[in-house]
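Hey, can you work out the whole structure from these sequences and the hints?
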Amino acid sequence: MKQLVAFDLDNTLAASKQPLEPFMAEALADLLGVADVAVISGGDWPQFEKQVASRLPERANLRRLWLMPTTGTKLYTYDERGWRAVYAELFDDATKDRIKAAFTQSLDATGFTPVQTWGELVEDRGSQITFSALGQQAPLDAKEKWDPDFAKRKVIQADLQQRLPGLSINMGGATSIDITREGVDKAYGLRKLSDTSGFPLDSFLFMGDAIFPGGNDYPAKTMGLDTVRVRDPQETASVIAGIVAWGK
1 MKQLVAFDLD NTLAASKQPL EPFMAEALAD LLGVADVAVI SGGDWPQFEK QVASRLPERA
61 NLRRLWLMPT TGTKLYTYDE RGWRAVYAEL FDDATKDRIK AAFTQSLDAT GFTPVQTWGE
121 LVEDRGSQIT FSALGQQAPL DAKEKWDPDF AKRKVIQADL QQRLPGLSIN MGGATSIDIT
181 REGVDKAYGL RKLSDTSGFP LDSFLFMGDA IFPGGNDYPA KTMGLDTVRV RDPQETASVI
241 AGIVAWGK
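First residue of the sequence shown: 1, per the working numbering; consecutive thereafter.
Check the hints yourself; a few may be wrong.
[To be verified] Here are the simulated DSS-like cross-link-like pairs (lysine-lysine), alpha carbons at most 25 Å apart as the crow flies:
id : residue 1 : residue 2
1  : Lys96     : Lys154
2  : Lys221    : Lys152
3  : Lys152    : Lys2
4  : Lys100    : Lys152
5  : Lys145    : Lys50
6  : Lys221    : Lys2
7  : Lys96     : Lys192
8  : Lys96     : Lys152
9  : Lys154    : Lys221
10 : Lys192    : Lys50
11 : Lys192    : Lys221
12 : Lys154    : Lys100
In case anyone wonders, no lab produced these hints; they're calculated from the structure.
Next up, the structure:
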């Protein structure tokens, strides 16, 4: 039995940028009864609060929950005062400006400038800059149709890697590309979690939908963790049910 089960968020626990469905909130509450749980994803804290923290039932043991926004460059835990930031690693302004300029240049060069957008394409999350191809407020159906096989983002990712040497560039969610400091990916975040929590890495299990080369969940596999690739939240819930049954 693993001591800590870590999850990607979008398309693993919930649809892209959507709150947990009731069935998943209950599944996570069950899991928190037998193991610690971590969620690591590219969204910033407000997105985590909206999608996860505010959706769990009262019975959930929040003291066993580790929330890791911006690919683990931030960590939040819960105590008697509520949710508190344990750490946050932030970009300097010059690096932020360089990344934002590179996104504009890359879209022009690759020909993937969108015809219709909903909200800003680039979001400054402090420790991470995130590009959302259709905008931060794009409807779910449009996002799911734009790049279901990651093919478009692989082209943009390769172009950005030439423009931004020394930075980590990974695909996540339905339309996103996340840029963090060099060496910062989910493996980095999960190692920091191991150091902070005291749980050894071999006691972790990781689940995500993008456990493939270039996907932002893949570093969890390459670092040697036991991993489970899932298609969607429904499959994730089935795996959680098996873990809970085993842990009782």
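Now for the hints, and whether the structure bears them out:
Pair hint Lys96 plus Lys154 holds up; C-alpha atoms about 22 Å apart against a cutoff of 25 Å. Between Lys221 and Lys152 the CA atoms are separated by roughly 23 Å; this keeps the pair inside 25 Å, and the hint holds. The suggested pairing of Lys152 with Lys2 is violated, with an alpha-carbon distance near 36 Å, which exceeds 25 Å. About 19 Å separates the Cα atoms of Lys100 and Lys152, which keeps this hinted pair within 25 Å; it holds.
Taking the CA atoms of Lys145 and Lys50, the gap is about 24 Å. The hint holds against a cut of 25 Å. Taking the CA atoms of Lys221 and Lys2, the gap is about 16 Å. The hint holds against a cut of 25 Å. At most 25 Å may separate the alpha-carbon atoms for a hinted pair to count; Lys96 and Lys192 meet this at roughly 23 Å. The suggested pairing of Lys96 with Lys152 holds, with an alpha-carbon distance near 23 Å, which does not exceed 25 Å.
This hinted pair checks out: Lys154 and Lys221 have alpha carbons roughly 19 Å apart, not beyond 25 Å. Distance hint between Lys192 and Lys50 is fulfilled; the C-alpha atoms sit about 24 Å from each other, no more than 25 Å. The straight-line distance between the Cα atoms of Lys192 and Lys221 is roughly 16 Å, inside the 25 Å bound, and the hint therefore holds. Under the criterion of a C-alpha separation no larger than 25 Å, the hint pairing Lys154 with Lys100 is consistent with the structure, at around 18 Å.
Figure legend: structure checked against the earlier numbered hints; the only hint not met is number 3.
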